[in-house]
Amino acid sequence: MRRMQSWLVLLAALSVLLTACTAPQPAPSETAAPVPATVAPPTATVVQAPSATATAESTPTLEASPTVALNYCVDCHTDKEKLVATGKVEEAKPKESEGAG
Amino acid sequence: MAPLEPWEKVLVSQDFETSVHGKTDCIDCHGGKQAAEKDAAHAGLVADPSADSKACASCHKDISASAATSLHSSLNGYWTALNTRSVPENHPKLEEAFNNHCASCHTTCGDCHISQPNSVGGGLLSGHVFEKTPPMTRTCTACHGSRVGAEYLGKHEEIPGDVHFREARMNCVACHKGVDLHATPADANAHRYAGAEAPACVNCHPQVGASGDTVPQHALHKDKLSCQVCHAVEYTSCDGCHVSVSDKSGAPIYKTEGDYLTFYIGLNPLQSEARPYKYVPVRHVPVASTSFEFYGANLLPNFNKAPTWVYATPHNIQRSTPQNSACTNCHGNAKLFLTADKVKAEELEANQPVIVPNPPPAVPGN
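Protein chains in written order, with this note's numbering: chain A, 831 to 931; chain B, 147 to 512.
Hints listed in this document are in silico derivations from the structure and should not be mistaken for laboratory results. A few of these clues could be false.
[Said to hold, decoys possible] One side of the interface only, derived from the structure: several residues of chain B facing chain A at Cβ under 10 Å:
1. E163
2. H274
3. S292
[What the hints assert, rightly or not] Chain B is faced by these chain A residues, among others (derived, beta-carbon under 7 Å):
4. C903
5. H907
6. T908
7. L913
8. V914
9. S927
[Said to hold, decoys possible] Where chain A lies over chain B, by a calculated footprint (3+ residues, C-beta under 8 Å):
10. 175-185
11. 247-259
12. 345-359
Computed from a predicted structure; not experimentally measured. Built from N, CA and C at the ideal position, the CB exists for glycine as well.
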């Protein structure tokens, strides 16, 4: 009888210990809870060179890799507004030649 | 053609970025450097890298090599004319004039395939996309405009454009194939009308003069008349071009005494096996004995060694023309022929090879 009591005490203590080690689970519901998206770690293949035309709203999520080359030529020469702003106004030259060329 | 705005001349399109040539780093061809600030980026910039044939030759080896021989690149035709009318001791002064006034006609790869020519202000054709076939009115007739372009497109009042354009909307390269534009055969290296006709009308019209041809005049006149004698109409001639450097701007300028429409049949000054015709249309070119007087006195002492009325191939071909509608319109009609009375007295000697002394008489019974 005494041995039996010892076993019961031991089992009770073990179950308390096991319960303490497990994380509390939410109560199960009838609808599946949405699984939070896992954030993929940044990879080199999605790195984009920052555009010179980027606005304040476009918050870069990734830092530019030091290996990505900036292409100022293309950035400027594909941007009409920039070309208008920086282009030199060509002075109208008086036509000094006369007759069919 | 309206001139492009400054920004429009250098705006690069998204299509270029995804094209084969767009894969190359800009500075690999244009020099300069990657910098945010414009002046720093443009330091050492080469606007037209194709001015150095090596730029294109790294990939387009054969065509780059042959293009250097073409008259578009070599401009040998100018020197053939200048050398004939001048003497070696005058060449340094003529070279100065040539560099100021003629050398700008030199054509690079980019002048046709990427940009408009400088003579019309330059500017990218299609956002830097390389055009395999250059657009006709923005490249070909931008340079060849005052005569060929105006004739072909029908810009002269009451004179129709060329039938190949009016009826078939053929562009320049429909006849002037790339191989002809990118190379000049050795026998034509000094003059565009030397050597075989390229293109030749019979390339597309082989039935002309052949057995079964339903037009008897073709067989009768074949090898005596160039096709244009019967099938061209009035075209532009020019007089007295004089070149100088402007006192005001320092820019090279020219003044021509006049341009006018003519249709004259002259003797063929370039008669050969390939061009056997006795008669061809002739056009007055704007040279005068004093054309280069600004650079020195009497720089063309051999002015009379080359005609001022020259072999012409007017680009306003018609099936029916005033002269081919009846035999008597040519035969016995001295008005159509370049006779001595139509030539300026001071140019009579120069034009002896082309002046028609006795126009064909009227055909009996007509």
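**Report entry** Structure versus earlier hints - violations, ascending order
**Finding:** Failing hints, ascending: 11 and 12.
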